[in-house]
Amino acid sequence: MFKSLMQRLIATDAGWHAIALRIPVGIIFAAHGAQKLFGWFGGYGLEGTGQWMASIGLEPGFLMALMAGSAEFFGGLALIVGLLVRPAAAVLAFTMVVAIFSTHIANGLFMSNNGYEFALALLAASVSLAISGAGRASVDNLLDKRA
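FYI, in numbering that gives the first Met the number 0 the residues of the sequence shown are 0 to 146.
Warning: the hint list may mix true and false statements.
Claimed, not checked - Simulated DEER-style distance windows between Cβ atoms: (1) Phe117 / Phe61: 22 to 32 Å; (2) Gly47 / Trp15: 34 to 44 Å; (3) Phe109 / Gly14: 27 to 37 Å; (4) Arg145 / Gly14: 29 to 39 Å.
None of these hints come from the bench; they were simulated from the model. Don't be surprised by glycine CBs; every beta carbon is placed ideally from N, CA and C.
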């Protein structure tokens, strides 16, 4: 049963083209997660991000920052290397739904107004990868062939 579950998680219907989506989207997510977790790239780290999340009603703020930052950072790394892409992409898609509805939806579509445009694009990419899988150039594909 565990083998069957793992095979479903790492299976991929995508060809070589998935890497063109995985790498840039993975970099974006990992960088945003690093801002939340470590304060890298001009971010506020867990404390600052947690305080901000609490201020918009996502309580407890520190835990929410830890969960969102971990999903983005580790999910982004998973996309980059192509390991467990389907579950990572599903978690990232959920994270973007939360971001859209907790932060951006009231501001309209466009990024210039802090709208949901960018989060929607990342949501679409995540859903696409959750459906298609990692593709041929991935650790998932190597593991699937060995199973």
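Consistency of the hints with the structure:
1. Our hint of 22 to 32 Å for Phe117 and Phe61 holds, since their Cβ atoms are close to 25 Å apart.
2. Here the CB-CB span from Gly47 to Trp15 is close to 40 Å, well matched to the stated 34 to 44 Å.
3. Between Phe109 and Gly14, the C-beta spacing of about 34 Å keeps the proposed range 27 to 37 Å intact.
4. Distance hint check for Arg145 and Gly14: the Cβ-Cβ separation is about 19 Å, which falls outside the suggested range of 29 to 39 Å.
Of the numbered hints stated above, the single one contradicted by the structure is hint 4.
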